[in-house]
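Terminal number for the sequence shown in our numbering: 813, no gaps in between.
Think of the hints as simulated: they come from the structure by calculation, not from any bench.
Treat each hint with caution, since some may be false.
For each label pair, taking beta carbons as the anchor points, the in silico distance ranges come out as [stated by the list, open to error]: (1) Pro-304 <-> Arg-218: 33 to 41 Å; (2) Pro-304 <-> Ala-15: 56 to 64 Å; (3) Ala-14 <-> Asp-167: 34 to 42 Å; (4) Val-605 <-> Ser-796: 38 to 46 Å; (5) Leu-250 <-> Gly-23: 54 to 62 Å; (6) Thr-778 <-> Ala-488: 49 to 57 Å; (7) Asp-767 <-> Lys-516: 26 to 34 Å.
The structure displayed is predicted, hence computed values, not measured ones.
Note that the Cβ used here is the ideal one computed from N, Cα and C, for glycine as well.
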Amino acid sequence: MIPIFDRSAAEHVAAAAADQRPGAHVAIVAPGGYGKTALLHHLGNAIGEVTGIPPVTALPPFDRFVDGVLLVDDAHQLDDADLRELRRLATSPDVRLVVAARPWPRRGALAEVLDLTQDQFLPAPLDRDQVRAVLPARLRSERHVEFVHAQTGGVPAFVDRLGRALDPDAELEVPTAAVAEFRRELAGLDEGVLRFLLAAEAGVGLNLDLLVDFLETREVVEVVEAARATGLVGTAGSLLPIAQRAIRVLVPVERRAWIRQRLAELQLARGGQVLPLMRPLVNTGIGGDGAAAAFEAAAAEALPGDPALAARLYAAAITAGRPPVAVAARRAEALALAGDLDGALRLADQVITLEQAPHRTLAATVAAAALAHRGQLGRSAQLYRWAGARHFAVLGSVGVGELAEPADDDGPPTSLSSAISLMAQGLHASVAGTPTTALSKLVRAAATLEPVGRGVLLPDSPAALGALLALHYGELGTATSLLERAIAAGTGGAPLAVRHRLLLAWIAMVRGELPKAGEIVAAARRARSALEPRDWLFAVGIELGVARRAGDAATLGRAWLQAGEAILRHPVDLFTFLPLGELTMAAARLRDESRLAAHLAEARVLLAGLGEPPLWAMPLWWGGLHAAITAGQQEAAEEHAGAIAAAAARDEQFGTIAAAAGCWLDVTAGKVDADAVENAAQGLHGAGLTWDAARLAGRAATRTTDRAAMVRLLDCARMIQGKPVSNRRVSTAELGVKGEEQPPEVSLSDRELQVAELVVSGLTYKDVGDRLFISAKTVEHHVARMRQRLGASSRSELLSQLRTLVGSAGARD
Numbered sequence: 001m002i003p004i005f006d007r008s009a010a011e012h013v014a015a016a017a018a019d020q021r022p023g024a025h026v027a028i029v030a031p032g033g034y035g036k037t038a039l040l041h042h043l044g045n046a047i048g049e050v051t052g053i054p055p056v057t058a059l060p061p062f063d064r065f066v067d068g069v070l071l072v073d074d075a076h077q078l079d080d081a082d083l084r085e086l087r088r089l090a091t092s093p094d095v096r097l098v099v100a101a102r103p104w105p106r107r108g109a110l111a112e113v114l115d116l117t118q119d120q121f122l123p124a125p126l127d128r129d130q131v132r133a134v135l136p137a138r139l140r141s142e143r144h145v146e147f148v149h150a151q152t153g154g155v156p157a158f159v160d161r162l163g164r165a166l167d168p169d170a171e172l173e174v175p176t177a178a179v180a181e182f183r184r185e186l187a188g189l190d191e192g193v194l195r196f197l198l199a200a201e202a203g204v205g206l207n208l209d210l211l212v213d214f215l216e217t218r219e220v221v222e223v224v225e226a227a228r229a230t231g232l233v234g235t236a237g238s239l240l241p242i243a244q245r246a247i248r249v250l251v252p253v254e255r256r257a258w259i260r261q262r263l264a265e266l267q268l269a270r271g272g273q274v275l276p277l278m279r280p281l282v283n284t285g286i287g288g289d290g291a292a293a294a295f296e297a298a299a300a301e302a303l304p305g306d307p308a309l310a311a312r313l314y315a316a317a318i319t320a321g322r323p324p325v326a327v328a329a330r331r332a333e334a335l336a337l338a339g340d341l342d343g344a345l346r347l348a349d350q351v352i353t354l355e356q357a358p359h360r361t362l363a364a365t366v367a368a369a370a371l372a373h374r375g376q377l378g379r380s381a382q383l384y385r386w387a388g389a390r391h392f393a394v395l396g397s398v399g400v401g402e403l404a405e406p407a408d409d410d411g412p413p414t415s416l417s418s419a420i421s422l423m424a425q426g427l428h429a430s431v432a433g434t435p436t437t438a439l440s441k442l443v444r445a446a447a448t449l450e451p452v453g454r455g456v457l458l459p460d461s462p463a464a465l466g467a468l469l470a471l472h473y474g475e476l477g478t479a480t481s482l483l484e485r486a487i488a489a490g491t492g493g494a495p496l497a498v499r500h501r502l503l504l505a506w507i508a509m510v511r512g513e514l515p516k517a518g519e520i521v522a523a524a525r526r527a528r529s530a531l532e533p534r535d536w537l538f539a540v541g542i543e544l545g546v547a548r549r550a551g552d553a554a555t556l557g558r559a560w561l562q563a564g565e566a567i568l569r570h571p572v573d574l575f576t577f578l579p580l581g582e583l584t585m586a587a588a589r590l591r592d593e594s595r596l597a598a599h600l601a602e603a604r605v606l607l608a609g610l611g612e613p614p615l616w617a618m619p620l621w622w623g624g625l626h627a628a629i630t631a632g633q634q635e636a637a638e639e640h641a642g643a644i645a646a647a648a649a650r651d652e653q654f655g656t657i658a659a660a661a662g663c664w665l666d667v668t669a670g671k672v673d674a675d676a677v678e679n680a681a682q683g684l685h686g687a688g689l690t691w692d693a694a695r696l697a698g699r700a701a702t703r704t705t706d707r708a709a710m711v712r713l714l715d716c717a718r719m720i721q722g723k724p725v726s727n728r729r730v731s732t733a734e735l736g737v738k739g740e741e742q743p744p745e746v747s748l749s750d751r752e753l754q755v756a757e758l759v760v761s762g763l764t765y766k767d768v769g770d771r772l773f774i775s776a777k778t779v780e781h782h783v784a785r786m787r788q789r790l791g792a793s794s795r796s797e798l799l800s801q802l803r804t805l806v807g808s809a810g811a812r813d
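Produce the complete structure using the sequences and hints provided.
So, in structure tokens, the structure goes:
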């Protein structure tokens, strides 16, 4: 291999060759693989060209050499007698010595020889440009150069080795042929050095105290230096990637497993971390008390960041000989955090029923959390109380309508305990206090939990509960921030990841971002083969809400079939009033109110037991209002609007919803106050309820007989939706002047609204007729009449106005 020099190295070679002084000896010192032999001959030839004396490559004994240029390779392998003879020759003025050696071992006799040299070369690894120059032309692309440099660390011999074996058209990985060339090097290693390399492959690095115990020698530094001298190890004590690959392939797996197990046992005895050592051994089936203890300790380390791995490590501990019951509770916790609530519940129940089992209270909290995710809050609260987790018990109690005082804190005030305490206080305040107090405590709880919440099994997160309250209270910005931060922090592990994303989808839905909401739900369904009952209920609620808002009757019907099972699987609790309110509106739209009657009755009883807290009741009142309007139940609609108005009298934040509710009652009765409707719509929009705002303005436009008011309200709906407003304005002639005939009414009938919804959804006149059991000709007549009433100059303008009138995409309550 021809040496590759940069400008500085080339100048160094030229200067050494030109030095004619007696005793101008040269040393080349570098680990194996750095091209010492190639540099030795290159330098010898350069000196020979200057002196006119060909260099001689000599092997011991050196006693026959008299004068000239003497090249000695691998001087570190010479014995002391040969090194003394070499030193004697070096004192002769007629001898020019060029010697190459590894930096270790550096015995006294070798040091004496090297000390006589006037110049030393210390070859460095190749940089990327030099690697490119060494590689064959077919491998000089950026990706190949980067790969070779990363794998070899720029060690010239390894670059050459990998370059000869790589196929430019194959996937980038170290070929078997390149790995096989390391067999001879590994076979020739001292046992201590090989053991160090195996420890390095296990990731020990330069943990010298651990290496002293493992190598059973105090001379660890010497072993490390000897390993570095091989060229296989970098300066930080880590193996080059290609060397690591070679060891994994060429050293028998059982020996590598034994090395890791021994290192883990030593590390465990020292109280150190063992996860990096034990992770690769999960599926090896190794056994023994030491291995079992190491697996268990590694599982505890893995739990916060990778609960699925922790569960596998606990299983490996059992395989290694640990009694299953000894790790069952912790394994259940790991399974639950990984999202396997079925497996977690099975193990937790086994532990709870065994009086002598260790960690029974932990098993109880695991079961309690799993049951909370499945909607069984009452049973969850019982288990938390039995386990002494009183703050979590508050969540279950409040959720089923039993107001429980938060317990006093006991134990150290850690971030976790503080967050859980604040969560319990916030829930209590949401019923017995003020909404702002409740929301404030839950926001603080979520922030406190962020640094430590990834590996904590929770029945629900303060971020999710805070987002629910914020949605109920019209604080969508707060809800979004809470959820995005919780997702970024991984709060609650896998069980809560879907919940947080579904609540973000709910926010997107009420903002009118229907495609985004649908995409999030679809992604959640793809991520989990079967959603937990609570998540499923929210997912179905979003699918119903999106379909209702989009005027998609077919999807609404399919989603309603799922809703029937979802509400059977999840009992009514305080934290599911959002989907229950949405289901109420869908049921009215589909004329299937009886399916929800019992659940709504349970919800009313639950609210009554808590004193009718408006913060929690608002979704049911709002959903009930629209369901009653759809069903033509004026008295029920007024009852819900009255409840919202009463809440607004106590908290002005609810005033926006109350104003909109009043406008809906008036619009339904045919009374349209354009100023009041526009103010209410803008209020809803300001609270983030974009779709509801546009819907109110659009529906009011269909009910007014004032053409100017209609155009104004249509423009209001369009602006709320982010659409351009109409360029057309009502002329004085159209409005009429005093004494002249007034313009015709422009309100649309219920049948016309039904036709409009189906037309803007893309159906043909025939399809619309089939849906409504009328002829296509009748549909055409309705469309023509609407176009005349709305003053649309073209079909596209008519469709644009109809979309606004019936909602953001053609919806109808």
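Each hint, compared with the structure:
1. Pro-304 <-> Arg-218: 33 to 41 Å: Holds, at about 37 Å.
2. Pro-304 <-> Ala-15: 56 to 64 Å: holds, 58 Å
3. Ala-14 <-> Asp-167: 34 to 42 Å: The hinted range 34 to 42 Å holds for Ala-14 and Asp-167, with Cβ atoms some 38 Å apart.
4. Val-605 <-> Ser-796: 38 to 46 Å: violated, 52 Å
5. Leu-250 <-> Gly-23: 54 to 62 Å: violated, 45 Å
6. Thr-778 <-> Ala-488: 49 to 57 Å: Since Thr-778 and Ala-488 have Cβ atoms about 55 Å apart, the given range 49 to 57 Å holds.
7. Asp-767 <-> Lys-516: 26 to 34 Å: holds, 28 Å
Hint violations for this structure: numbers 4, 5, all remaining hints satisfied.
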